[in-house]
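Residue numbers (the numbering used here), protein chains in the order written: chain A, 5 to 300; chain B, 238 to 435.
It is worth saying that the hints were derived from the structure and are not from the lab.
Hints are not guaranteed to be accurate.
[Said to hold, decoys possible] Covered stretches of chain A, as calculated for chain B (at least 3 residues, CB under 8 Å):
no.	segment
1	56-64
2	108-114
3	197-211
4	243-252
5	272-284
[What the hints assert, rightly or not] The calculated lysine-lysine pairs, modelled on DSSO-like cross-linking and capped at a C-alpha distance of 30 Å, are:
no.	chain 1	residue 1	chain 2	residue 2
6	A	152	B	432
7	A	192	A	152
8	A	112	B	432
9	A	88	A	6
10	B	432	A	180
11	A	112	A	88
12	A	242	A	180
13	A	242	A	31
14	A	112	A	192
Every value quoted in this text rests on a predicted model; they were computed, and no experiment measured them.
Where a beta carbon is used, it is the ideal one built from N, C-alpha and C, also for glycine.
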Amino acid sequence: MKVARGISGCLLVAGFVLGTYGDRTQKTASITMGGYRVLAGDFHIHSFPLSWSTLSPWDTVIEAQRQGLDVIAMTGHNHVWVAKVGRWFSRRVGGPTVLVGEEIVGPKYHMLALGIEHTVSWRQSAASAIAEIHKQGGVAIAAHPLSKYWPAFDEEAMRGLDGAEVVHPIIYVRAKAHRELPEFSARKRMTAMGDSDYHGVGPMGLCRTYVFAANDSEGAVMEALRAGHTVVYERDGKAYGDPELVRLAAQNGLFEETQPVMPGALVRISGGCGIAGLMGVFVFGLGRVRADDSTE
Amino acid sequence: MNSSMRSPDVWVMLRPAAAYQWLVRQGAGEGTWGVAQRPLFMVLLLGCLVSLVTAGSVSVRLFAAGAINALFVPLLEIGVLAGLWRSRRTASFSRTVDLFFMGHGPWVLWLLLFCAIWAFASPIQAFVLTGRWMWLLLGVVLVWSAYVDFCFLRYVLRESAPRACAKLLVLRVITWGVGLEIFGGGSLWPEMVRKLGI
Numbered sequence: 005m006k007v008a009r010g011i012s013g014c015l016l017v018a019g020f021v022l023g024t025y026g027d028r029t030q031k032t033a034s035i036t037m038g039g040y041r042v043l044a045g046d047f048h049i050h051s052f053p054l055s056w057s058t059l060s061p062w063d064t065v066i067e068a069q070r071q072g073l074d075v076i077a078m079t080g081h082n083h084v085w086v087a088k089v090g091r092w093f094s095r096r097v098g099g100p101t102v103l104v105g106e107e108i109v110g111p112k113y114h115m116l117a118l119g120i121e122h123t124v125s126w127r128q129s130a131a132s133a134i135a136e137i138h139k140q141g142g143v144a145i146a147a148h149p150l151s152k153y154w155p156a157f158d159e160e161a162m163r164g165l166d167g168a169e170v171v172h173p174i175i176y177v178r179a180k181a182h183r184e185l186p187e188f189s190a191r192k193r194m195t196a197m198g199d200s201d202y203h204g205v206g207p208m209g210l211c212r213t214y215v216f217a218a219n220d221s222e223g224a225v226m227e228a229l230r231a232g233h234t235v236v237y238e239r240d241g242k243a244y245g246d247p248e249l250v251r252l253a254a255q256n257g258l259f260e261e262t263q264p265v266m267p268g269a270l271v272r273i274s275g276g277c278g279i280a281g282l283m284g285v286f287v288f289g290l291g292r293v294r295a296d297d298s299t300e
Numbered sequence: 238m239n240s241s242m243r244s245p246d247v248w249v250m251l252r253p254a255a256a257y258q259w260l261v262r263q264g265a266g267e268g269t270w271g272v273a274q275r276p277l278f279m280v281l282l283l284g285c286l287v288s289l290v291t292a293g294s295v296s297v298r299l300f301a302a303g304a305i306n307a308l309f310v311p312l313l314e315i316g317v318l319a320g321l322w323r324s325r326r327t328a329s330f331s332r333t334v335d336l337f338f339m340g341h342g343p344w345v346l347w348l349l350l351f352c353a354i355w356a357f358a359s360p361i362q363a364f365v366l367t368g369r370w371m372w373l374l375l376g377v378v379l380v381w382s383a384y385v386d387f388c389f390l391r392y393v394l395r396e397s398a399p400r401a402c403a404k405l406l407v408l409r410v411i412t413w414g415v416g417l418e419i420f421g422g423g424s425l426w427p428e429m430v431r432k433l434g435i
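Work out the full structure, taking the sequences as your base and the hints as a guide.
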C-alpha cells in the first residue's frame, strides 16, 4: 500500500512540476492596421467572490495576461467593487487594460455595463438601466441576448443600446443560441462583441473582441466601443462587426494571425498526472482500515 | 473472515451505514495530522480543480489561487459541524470531523470527472459535456451525498432518523446558503425573482 501511496504522491508532484514549468505568458506582438492599434479583448469576465467564478481579481488579471489579452472588462454580477480591485492591481503590475464593468443580472435581461464607476441597479427596466449607464459615461451591451431576454429590449431600450454579444461560448453549445445572437445583433447597427463570459472554467478569451483603437488606454478603448470599431470571429472564421474593419482585418489576416495556441503535451501530461495523483491520494493516501466481514 | 485492508473513504462512499457503524467504534485516527488530513485534502482537491479547469494542468500559481479562495468551504463545514456536535458528543470533535469528511467521496469523484473533462476535451467539447451530463450526474451526487451525510448523523452522532433528517437539512441550508452567497451572491436574488416569477 505504501507503494501505491508513493506513486500517487509522485504523480501529483510531477503534475505540479510540469504544470508550473508550462505556466508561461503567451508572447503576442502588438498589431497595427490602418492606423489603428488592434487590441484583443474579453469584456465579460467574472471573478471571485459573488459572481460564480473561481479566480480572485488579481489572479484574473494575471490569467488575462497569460492568455495574451490586451484589454478586459471585469463584470461582477450586480456590483463593481471586485472590478475596481482588479483595475487597481493591473495598474500596479502593468497588466492589461481593465475596464470596470458590471453584468446587470435582472430577472428579465442580462446587460454589460462597461466603463462605469458605480453599481447600476438591476431593479429597473433595460431602458432605464441603459440611461443610467450612459449617465456614467459607460456603454451598454446586451449580454448573450437569447430570445427569452428579447421582450425586455423594447423600442426605447434598443434605441439606447450600444452593442450586443454576437459570439459567446453558448453558440457552440446550443444551435438555437447560434441563430438567436446574430439575429438580435441584426436589429440595428451596433457594436459587435465576442466574449467568453468567463466563470473560471475553460480558457479566458475563448471568444474575443478585436478593438480597433487609437491606443490601449481605457479612454481609447471606450471611444472605440462607442464608435463600433470592433471585429469578432466565430471559430470557423465567420466575422461580425464594422464592415470596413472586417474587410481591413481580412486583408491583413487578423483571424489567421490570432488563432489560439492549443495546449501542448506538457499541459496534457501535467493534467493527467494531477488527476491520477489526486485519485490515488483519495483511494490510498488517507489511511486504511482492517475491516472484517462480521461487521457488515 | 475477510480481513482485507480497505480505504475508509471508499467504504463510506459505497456502504455508508455499515462503514460508519464500524468506524465510530474504532476511535482511531486522532492526532493533529489524522484530523487535518481530510479537510486539507479537500483544499488540495479544490485548488487543483481551479488549476485544471482554467489551464488543463496543475500549476502552483493557479493551485494557490484556487486553494485560498476555497479555504472557506472546509472551514464553514467544520463550523456548522461544531454546532451539531455540541449537542451530541458521541466521539471527540476531531474524530467527528474526520468521519464527516470521509463522507465526501461522491463529491470527490464528481469533481475529478469535471477536472478530467476540462483537462482533456477541447473547450467547446467541455462546454457541451459539462452543460448536459454533468448536471444530471450532479443530481445523482446530491442524493448520494445526502444519504452518506444522513448515515453520518444517524450512526456517528447517533441521532434518530427524523432528527438526522432535520439536522441534515440544517447542515445543507447553512453550508450551502453561506457558500452560495459567497460564491454567487451577486445574482442569487434576481435569479430567484425570475424563477419564482415574482
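To see whether the hints hold, each was checked on the structure:
no.	hint	in the structure
1	56-64	holds (count 5)
2	108-114	holds (count 4)
3	197-211	holds (count 6)
4	243-252	violated (count 0)
5	272-284	holds (count 9)
6	A:152 with B:432	holds (13 Å)
7	A:192 with A:152	holds (19 Å)
8	A:112 with B:432	holds (10 Å)
9	A:88 with A:6	violated (49 Å)
10	B:432 with A:180	holds (21 Å)
11	A:112 with A:88	holds (26 Å)
12	A:242 with A:180	holds (17 Å)
13	A:242 with A:31	holds (25 Å)
14	A:112 with A:192	holds (21 Å)
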